[in-house]
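Engineer: Protein chains in written order, with full-length UniProt numbering: chain B, 1 to 437; chain V, 1 to 437.
Pairwise CB distance ranges, derived in the manner of DEER restraints:
{"no.": "1", "chain 1": "V", "residue 1": "GLY175", "chain 2": "B", "residue 2": "ALA362", "range": "46 to 54 Å"}
{"no.": "2", "chain 1": "B", "residue 1": "GLU116", "chain 2": "V", "residue 2": "GLY99", "range": "37 to 45 Å"}
{"no.": "3", "chain 1": "B", "residue 1": "GLN264", "chain 2": "V", "residue 2": "GLU97", "range": "40 to 48 Å"}
{"no.": "4", "chain 1": "V", "residue 1": "GLN387", "chain 2": "B", "residue 2": "GLU388", "range": "45 to 53 Å"}
{"no.": "5", "chain 1": "B", "residue 1": "PRO280", "chain 2": "V", "residue 2": "LEU188", "range": "19 to 27 Å"}
{"no.": "6", "chain 1": "B", "residue 1": "GLY189", "chain 2": "V", "residue 2": "LYS6", "range": "50 to 58 Å"}
{"no.": "7", "chain 1": "B", "residue 1": "SER278", "chain 2": "V", "residue 2": "ASP28", "range": "28 to 36 Å"}
{"no.": "8", "chain 1": "B", "residue 1": "ASP223", "chain 2": "V", "residue 2": "GLY115", "range": "50 to 58 Å"}
{"no.": "9", "chain 1": "B", "residue 1": "GLU192", "chain 2": "V", "residue 2": "ALA383", "range": "36 to 44 Å"}
{"no.": "10", "chain 1": "B", "residue 1": "GLU192", "chain 2": "V", "residue 2": "GLU379", "range": "44 to 52 Å"}
{"no.": "11", "chain 1": "V", "residue 1": "PRO87", "chain 2": "B", "residue 2": "PRO58", "range": "55 to 63 Å"}
Pulled from the structure, derived: some chain B residues nowhere near chain V, Cβ distances all over 10 Å:
{"no.": "12", "residue": "PRO58"}
{"no.": "13", "residue": "GLU60"}
{"no.": "14", "residue": "SER113"}
{"no.": "15", "residue": "ALA243"}
{"no.": "16", "residue": "GLN263"}
{"no.": "17", "residue": "ARG364"}
{"no.": "18", "residue": "GLY366"}
{"no.": "19", "residue": "GLU412"}
Covered stretches of chain V, going by a simulated chain B footprint (3 or more residues, C-beta under 8 Å):
{"no.": "20", "stretch": "136-143"}
{"no.": "21", "stretch": "310-320"}
Worth flagging that the hints you see were computed from the coordinates, not collected in a lab. Note that the structure is predicted; figures quoted are calculated from it, not measured. Heads up, the beta-carbon is just placed ideally off N, CA and C, and yes, glycines get one too.
2 protein chains.
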Amino acid sequence: MSTPEKSIGVAVLGLGNVGSEVVRIIRDSAPDLAARIGAPLELRGVAVRNVSADRGLPVEMLTDNVEELVSRADVDLVVEVMGPVEPARKAILTALEGGKSVVTANKALLAQSTGELAQAAERAHVDLYFEAAVAGAIPVIRPLTQSLAGDTVLRVAGIVNGTTNYILSEMASTGADYSSALADASALGYAEADPTADVEGYDAAAKAAILASIAFHTRVTADDVYREGISKITPEDFESAKALGCTIKLLSICERVTGSDGQQRVSARVYPALVPLSHPLATVNGAFNAVVVEAEAAGRLMFYGQGAGGAPTASAVMGDLVMAARNRVQGGRGPRESKYAQLPIAPMGVIPTRYYVSMTVADRPGVLSSVAAEFAKREVSIAEVRQEGISGGSGARIVVVTHRATDAALSETVAALADHDAVQEVNSVLRLEGTAE
Amino acid sequence: MSTPEKSIGVAVLGLGNVGSEVVRIIRDSAPDLAARIGAPLELRGVAVRNVSADRGLPVEMLTDNVEELVSRADVDLVVEVMGPVEPARKAILTALEGGKSVVTANKALLAQSTGELAQAAERAHVDLYFEAAVAGAIPVIRPLTQSLAGDTVLRVAGIVNGTTNYILSEMASTGADYSSALADASALGYAEADPTADVEGYDAAAKAAILASIAFHTRVTADDVYREGISKITPEDFESAKALGCTIKLLSICERVTGSDGQQRVSARVYPALVPLSHPLATVNGAFNAVVVEAEAAGRLMFYGQGAGGAPTASAVMGDLVMAARNRVQGGRGPRESKYAQLPIAPMGVIPTRYYVSMTVADRPGVLSSVAAEFAKREVSIAEVRQEGISGGSGARIVVVTHRATDAALSETVAALADHDAVQEVNSVLRLEGTAE
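Given the sequences, and given the hints that come with them, work out the whole structure.
Structural biologist: The following block contains the structure:
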């Protein structure tokens, strides 16, 4: 009689779209998973808020006592997909301290507490994996931490929030305004009842913090990320973008910048930006995500796929789960947090980018020249100016596209324009990304 | 006085474009690499064919004795980037048997001897990594083996040969014929003196074998891969493709297919195919590579980047080298070969694809109908027919696009058409990929 292989016990916290799909795969693909891991994966319990609801799972499998579940001696791995920062943080810390490896998709938590969680994993000599926290099914974390481990990452730029990308794609293709595109997104389930975290860029900023942390071996939290949302984007901005051969996308950008003092710093920022239609990110539409990585030796790489949804996110969770389980069977663990560089964070004011400024001005001679002078005074060099009449209106519209300038110089310029007597209103200030100069 | 950290000794075999860049990174990025690995990486020696040539390296670092270098006690890791199957195979086996981990970019060797090498690595309990063997800098191997380890891969389709993609892109954009596009590629250094391995699809087939092996947990060799090259593609094929809203790409396709007997099999194949312009692979031009992976839960993912060249390939080698070194420092090893499924190989005859058939026919009434009858007789259903006069010629040109049919049914149809008295010549038979039906 042969001894049965010791199984690997799994606890799943949360049974929403992702959790249900993770549970389904663990059950339906059991033989395949066992072969890949070298031991069977066994579901020990699932934490839910309400155990009485019918979940299609044996009732003894369900519990509302998260802390008890993650402390069980027969649980080796914990999958956290329940969402908010608390009680997820506490549950993950308990699990790690109890010697369990953890797989989480909780970007808000990671962007706030990455140091704390990574240290707890380190102390307990267990794995903390989070591929699903950024860009759903798209492998981004593992390529950055492993495949590019011998290269120097220069820049990561991505579309990592499906809700805003759906809204912006809709505005671009139909000419809809922000509110009606948001309403459509809500009706289709792409936006939550309170869409703030998505449309104001908080979700994208959390992901930028995670990407910057691993790309630059530096701990970056969501608070370090400069952030602008999409709620002020107008159909007129899309019209101007189109005239300039661009579209508008909410980008999460992480960059290694070298200051005039020679010091390398990390810039992490989220904002809507004009992107040339020829840029690979311009064609990423709807709920899709894409991340472009530029590294010294590798050049430009792009990763593209479904950034959200139960099944795609579960795919990423399952990849992490299999790797953590395999490490457990082989008595090892995967690569640890690599935070040796600890570069300082670059303040937004010093980051040079190109700008698009749209304003309504008095329709009289000399205005264009005096507006241009405000840019010149602050050494903001203009690349392109377009002046358009406003149908039925009493003013004209001037759109200025600048060469690279610092945020500080541009902010001063915009403040001066707002006070300028020929300028009725500065309608929009957006950045332009993905061009050479 | 503190004991210095034990360093990790590296031997590099081959000092071409990739080897030189690997050596450069090991030397220039030493502090970063040491921080990521947890110990310094030290170059112990480089194997070259001719030690007398000036290589910018201390002469005592160079050797033409590969076997001696890979057997040295102070070498922990071996990077094999010297190219041909032999003597690389022997050197890698010696290294693995001596307990050294190996990183190789040698796709021809891997596609021939993957089982032998994987078993040697297994016996010695060391790592065998080969991210650089497929699609240069683009992380594909690691995402397939790790990120998708909990998912079920259905299909991998990629443009993984830069030479042929350059030639086909050139033919598409300039209308050039095959010979002159090949001559251009040679002049620019994109094609080798003997281009056979690239243009006849051998290189793409080796990569398909490697991708199929890891995607489907089955050992697939280059001999198992159905293969057609691009040397017969004509400007007329590109004209017809354009009229059909397509371009032509050399694709490496690996697919999980379920036969009428319910048995799952692996299909691995390389051929030039019509691809709709709206498909993500259609816009991958020049020397770029891209791989599209479709998995059950993850949906469709795409990986894009530079598929060849010294620096991009070195980036992939360095990622593997850092991971292997880290495993060594931590006393473990990475995931092993996963070959448990061992699905049988599907014969090409049973694979259903869509076809494009171009033929020159007599320009007289009734020909179209009798040609169409040949398809119908073999139950090959026609989706679209185009008939064009040939300028100054005595015949007409008929282009037929079919619905899905098996290779066997289509081959019979083409044989019958070739014998048909109204058909002067069957000019081209190409597959159509990336469409729904």
